[in-house]
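**Q** Going line by line, the protein sequences match chains A and B.
Heads up, the first sequence is in numbering that gives the first Met the number 0, so the first residue is 0 and it goes up one at a time.
Heads up, the second sequence is in numbering that gives the first Met the number 0, so the first residue is 0 and it goes up one at a time.
Hint data in this document are derived by calculation from the structure and do not stem from the laboratory.
Treat the hints loosely; a few may be bogus.
Identical copies carry no separate label here, and so any pair may be met within one copy or between two of them.
Below, a list of computed lysine to aspartate or glutamate pairs in the EDC-like style, where the Cα atoms sit at most 20 Å apart [what the hints assert, rightly or not]:
id: 1; residue 1: Lys-60; residue 2: Asp-29
id: 2; residue 1: Lys-104; residue 2: Glu-77
id: 3; residue 1: Lys-136; residue 2: Glu-121
id: 4; residue 1: Lys-118; residue 2: Glu-30
id: 5; residue 1: Lys-115; residue 2: Glu-63
id: 6; residue 1: Lys-106; residue 2: Glu-138
id: 7; residue 1: Lys-115; residue 2: Glu-191
id: 8; residue 1: Lys-70; residue 2: Asp-112
Number of protein chains: 2
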Amino acid sequence: MKIPLVAIPRLSQYARVLLESRHSDYISSDEISEIAGCTAAQVRKDLAYFGQFGTPSRGYKVEELKRSLSKILGTDREWNVALVGVGNLGSALLSYKGFAPNGFKIKCAFDNDLRKIGKNLEGVIVRDTSEMKRTLKAEGIRMAIVTVGAGSAQSVVNMLIKSGVTAILNFAPVKLNVARAITVLNIDLSIELERLAYFLSRTKKSKKS
Amino acid sequence: MKIPLVAIPRLSQYARVLLESRHSDYISSDEISEIAGCTAAQVRKDLAYFGQFGTPSRGYKVEELKRSLSKILGTDREWNVALVGVGNLGSALLSYKGFAPNGFKIKCAFDNDLRKIGKNLEGVIVRDTSEMKRTLKAEGIRMAIVTVGAGSAQSVVNMLIKSGVTAILNFAPVKLNVARAITVLNIDLSIELERLAYFLSRTKKSKKS
DNA sequence: AACTGTGAAATTATTCACAGCT
DNA sequence: AGCTGTGAATAATTTCACAGTT
């Protein structure tokens, strides 16, 4: 079956809903959809792409569905992540408290600024970019976050891929060219603000600020 | 005509492509699509939602299209933005250099941590959250970035809305409940990493890290 | 000749609606 | 009786393909 790509982040949302549902044994697609902000049919359909997890007339067993979703999403394990670019954003992500509870650990960080190399940030030593390949191969890391400038992003990504990385979260405002087998997700902060600007511009009384 | 929401960030991409196209007067949908990473038909269709900007046999006049896109997206002006939550991520966004060139300026910042209030970060004084309404009304600010924890996001958003904000970029990992007239865009870092984990888990040799 | 603008076709995603299980 | 799982229907989005314009 063909699984819509947009279903995956929704599964994450559902998983999050379950975390708050300790009060009862079972939860219905209706209840999940209510909190996740979509339709019940969507919840059932998304889950159905991956199997049959529910019990007719009861709903989904919370703990069981939690485990199933973890397995589907690959969050039933720890993921070590590399970070490249220890600027403001990179440093902030190094100290971001939201990753650990979800099983993500930034295990190493790289930069080519001599003033940053060697520093210990949140228990992670910043290394020279030239050490990337050796380090990532040694650690077997396949997931990376890119927070370098637009100008160096493509070359950094090329290095990451040579180092064995196949999944990249990119904050640099450029379209990265990668082979089909590599997954790149982009978070482009200015584009998000421009989307907001678009909506604001379309509201009636668009006066100032 | 009904404009697909996903067309808007694509327009931002096109606008960005144009910035690098100083070398020639005209650019074709083919060239734009090449760099933006989509099809030429998509480019033409997206633009056609908003008018006729091209010249048959020539393409689009770069400078003119740039202006048209700015007007569509609302980036033909400056936008003042409020930031709530001056933690690691919030501070990083305060110093993020990518906003200014696109016309976005974080004009004020709020937190309820006494150790942060009064601080001057990147020329912005951190204020107590209780001053939000007065400040935002006075400045006429309608766009905000939320980088508080999951627990306080909804109440912060309620305050923002009462203060006149109608467009919100939310980094807190919660589904926010807002009236229809309010635009909320979510950036959920853990969900993005989970998407990556999903793709990684699906590749053959999923051994370690 | 070259490229846009755009209906029509194809594809993808969502919602409906109900049979079937508990 | 209540809720899932799922084909079928609908809606949304993308791609095709070509008439029309310069």
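**Q** Against this structure, judge whether each hint is valid.
**A** Hints, verified against the model:
no. : hint                : in the structure
1   : Lys-60 <-> Asp-29   : within (14 Å within a copy, 51 Å between copies)
2   : Lys-104 <-> Glu-77  : within (7 Å within a copy, 38 Å between copies)
3   : Lys-136 <-> Glu-121 : neither (22 Å within a copy, 39 Å between copies)
4   : Lys-118 <-> Glu-30  : neither (47 Å within a copy, 43 Å between copies)
5   : Lys-115 <-> Glu-63  : neither (45 Å within a copy, 43 Å between copies)
6   : Lys-106 <-> Glu-138 : within (9 Å within a copy, 42 Å between copies)
7   : Lys-115 <-> Glu-191 : neither (29 Å within a copy, 27 Å between copies)
8   : Lys-70 <-> Asp-112  : neither (39 Å within a copy, 38 Å between copies)
The structure fails hints 3, 4, 5, 7, 8 (numbered hints given earlier, in ascending order).
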